[in-house]
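S.K.: Quick mapping for you: the protein sequence lines, in order, are chains H and D.
Residue numbers are given in full-length UniProt numbering: position 77 of the first sequence equals residue 77, and the series is strictly consecutive.
Residue numbers are given in full-length UniProt numbering: position 13 of the second sequence equals residue 13, and the series is strictly consecutive.
If you are wondering where the hints come from, they were derived from the structure by calculation, not from laboratory data.
Please note that a few of the clues may not be correct.
One copy or two, either will do: identical chains are not told apart, so a pair holds if it fits within one copy or between any two.
Heads up, simulated DSS-like pairs for lysine-lysine below, C-alpha to C-alpha not over 30 Å straight-line [what the hints assert, rightly or not]:
1) LYS100 x LYS114
2) LYS42 x LYS87
3) LYS100 x LYS72
4) LYS115 x LYS67
5) LYS42 x LYS100
6) LYS67 x LYS7
7) LYS62 x LYS28
2 protein chains.
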Amino acid sequence: MRKDISKPRNFGYVERFVEPCVLLLLSKNPSHGYGLMEGLEKHCGEKVDIGNLYRTLRKMEKNQWIKSDWEKGNIGPNKRKYEITGKGKGTLNEAYISLKQTQSLINHFFIGYKKVFGKK
Amino acid sequence: MRKDISKPRNFGYVERFVEPCVLLLLSKNPSHGYGLMEGLEKHCGEKVDIGNLYRTLRKMEKNQWIKSDWEKGNIGPNKRKYEITGKGKGTLNEAYISLKQTQSLINHFFIGYKKVFGKK
DNA sequence: CATATCTATATGTAAATATCATATAGTAAG
DNA sequence: CTTACTATATGATATTTACATATAGATATG
Numbered sequence: 001m002r003k004d005i006s007k008p009r010n011f012g013y014v015e016r017f018v019e020p021c022v023l024l025l026l027s028k029n030p031s032h033g034y035g036l037m038e039g040l041e042k043h044c045g046e047k048v049d050i051g052n053l054y055r056t057l058r059k060m061e062k063n064q065w066i067k068s069d070w071e072k073g074n075i076g077p078n079k080r081k082y083e084i085t086g087k088g089k090g091t092l093n094e095a096y097i098s099l100k101q102t103q104s105l106i107n108h109f110f111i112g113y114k115k116v117f118g119k120k
Numbered sequence: 001m002r003k004d005i006s007k008p009r010n011f012g013y014v015e016r017f018v019e020p021c022v023l024l025l026l027s028k029n030p031s032h033g034y035g036l037m038e039g040l041e042k043h044c045g046e047k048v049d050i051g052n053l054y055r056t057l058r059k060m061e062k063n064q065w066i067k068s069d070w071e072k073g074n075i076g077p078n079k080r081k082y083e084i085t086g087k088g089k090g091t092l093n094e095a096y097i098s099l100k101q102t103q104s105l106i107n108h109f110f111i112g113y114k115k116v117f118g119k120k
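Can you make the complete structure from the sequences, with help from the hints?
M.R.: Encoded structure:
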């Protein structure tokens, strides 16, 4: 049973922003789900739902943007270690271009806003 | 029956971006749904689904961000003319703040991107 | 030793939103 | 009369997210 009913997200919510962020993080270093959380909170702001993150990672793997193998650590439970693929690098580049467009879209809004309400 | 199965949107899709845009446009001049389309294509980019726009307008009215009355034009079909309310102006300001946060979030991503792939 | 907590991965369910299709109706043009 | 345009609206469905819960090994605490 849910404690609280879902509410609409804030305006300006960027859909699936976590995916480019994961691709960018994995471009630096291979990592696993739980370990990605840390970097994501820096790059994706606020909180990332851990359940959704795992689901997203499996989806990204299905799309062949990332691939995984089990890392049988001598300490702690096994980790599914992800790395980015060539296809994933292409997707990251596409995301970069899309996000550039998003940025200019939002800028366009701010220009209009400024015209009506003045600078601030 | 649908011709095509739905596909995921591009990365960088900003959810409910149309609402702040409508509020901004109505801050300048009262208008009606069909007439808002034109301004929206400038401020919200690309295409806005007309069915979705009408549904959004009714939802915004339910939230008391805008209010409408029927304009019995001497030419053409009747138009539901919308204007922004005081509450709507407050919502527009909230959206402005959220979109500023979104902008800095995306900027944060670009900084990380540049570190890995260099400037461009 | 029993149990609680932490790391790590994963799935179930429901709500919110967008997309595509379709419905309705008045008006204008040919 | 039929076609096209203006204008508003709803139905069905896919995608994504939020919140909750499940599982299991490892480690710490009493």
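S.K.: Hint by hint, say whether it matches the structure.
M.R.: Evaluation of the provided hints:
{"no.": "1", "hint": "LYS100 x LYS114", "verdict": "both (21 Å within a copy, 13 Å between copies)"}
{"no.": "2", "hint": "LYS42 x LYS87", "verdict": "within (25 Å within a copy, 34 Å between copies)"}
{"no.": "3", "hint": "LYS100 x LYS72", "verdict": "neither (40 Å within a copy, 43 Å between copies)"}
{"no.": "4", "hint": "LYS115 x LYS67", "verdict": "between (48 Å within a copy, 23 Å between copies)"}
{"no.": "5", "hint": "LYS42 x LYS100", "verdict": "both (20 Å within a copy, 17 Å between copies)"}
{"no.": "6", "hint": "LYS67 x LYS7", "verdict": "between (34 Å within a copy, 23 Å between copies)"}
{"no.": "7", "hint": "LYS62 x LYS28", "verdict": "within (21 Å within a copy, 47 Å between copies)"}
Consistency note: the structure conflicts with earlier hint 3 alone.
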